Amino acid sequence: EAQVTQNPRYLITVTGKKLTVTCSQNMNHEYMSWYRQDPGLGLRQIYYSMNVEVTDKGDVPEGYKVSRKEKRNFPLILESPSPNQTSLYFCASRRRGSDEQYFGPGTRLTVT
Amino acid sequence: AQRVTQPEKLLSVFKGAPVELKCNYSYSGSPELFWYVQYSRQRLQLLLRHISRESIKGFTADLNKGETSFHLKKPFAQEEDSAMYYCALIPTNAGKSTFGDGTTLTVKP
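In order, the protein sequences belong to chains A and B.
Heads up: the first sequence begins at 1 in this note's numbering, then just goes up one per residue.
Heads up: the second sequence begins at 113 in this note's numbering, then just goes up one per residue.
Each hint should be verified, as a subset may be incorrect.
[As the list claims (entries may be wrong)] Here are the simulated DSS-like cross-link-like pairs (lysine-lysine), alpha carbons at most 25 Å apart as the crow flies:
#1 B/LYS208 / A/LYS69
#2 B/LYS208 / B/LYS127
#3 B/LYS208 / A/LYS71
#4 B/LYS127 / B/LYS177
#5 B/LYS177 / B/LYS208
#6 B/LYS121 / B/LYS208
#7 B/LYS177 / B/LYS220
#8 B/LYS169 / A/LYS57
#9 B/LYS169 / A/LYS65
Because the hints were derived from the structure by calculation, they are not lab data.
Note that the structure is a prediction, hence the values are computed from the model and not measured.
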């Protein structure tokens, strides 16, 4: 089944404790993105990648890092999480030249 | 810079009433616009793309370049239409995507 998976789905952590949220897709898509969804602020793009080893900042990249060493994986790294990064995070992928994004199920992160 | 504006955060209508979710955009090139929907506790999924001009689940959206709008319409709302709707500007050959703030539609019985 074609899908985008994220792990973990739920995470509660403390300020400053490094964490990684994984994202994987099995559709051989070139493009992958990370978004955060916050009430009243909609969906905002954090980082995106147009292919292996090619990443770029979205609208809200501060406090986040990403890497794209393999086509299928696009982990989101929070080196020193802070409470303002408490949010619902979505990973998405799409094929180059296609307009349809496939979204993961979301990861709900709480930083205390 | 590209921007998408959805002026209504909340919209409530009665079943059978017409519904229109507004979307305005700002983009220097030829816009590639979409509507995504997120039902309760589900992931976002594509509802409509401007280029196809099709009707999905009774919804249609017309791109109006003069008014820089891409409003989503349905003549007779159903309870199962209750969801969060996002208008999005996603250039096909670029990685950057811009979503609006979303409109939560509630269709009351």
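Cross-check of the supplied hints:
{"no.": "1", "hint": "B/LYS208 / A/LYS69", "result": "holds, 20 Å"}
{"no.": "2", "hint": "B/LYS208 / B/LYS127", "result": "violated, 37 Å"}
{"no.": "3", "hint": "B/LYS208 / A/LYS71", "result": "holds, 18 Å"}
{"no.": "4", "hint": "B/LYS127 / B/LYS177", "result": "violated, 31 Å"}
{"no.": "5", "hint": "B/LYS177 / B/LYS208", "result": "holds, 21 Å"}
{"no.": "6", "hint": "B/LYS121 / B/LYS208", "result": "holds, 23 Å"}
{"no.": "7", "hint": "B/LYS177 / B/LYS220", "result": "violated, 33 Å"}
{"no.": "8", "hint": "B/LYS169 / A/LYS57", "result": "violated, 35 Å"}
{"no.": "9", "hint": "B/LYS169 / A/LYS65", "result": "violated, 38 Å"}
The structure shown violates the earlier hints numbered 2, 4, 7, 8, 9.
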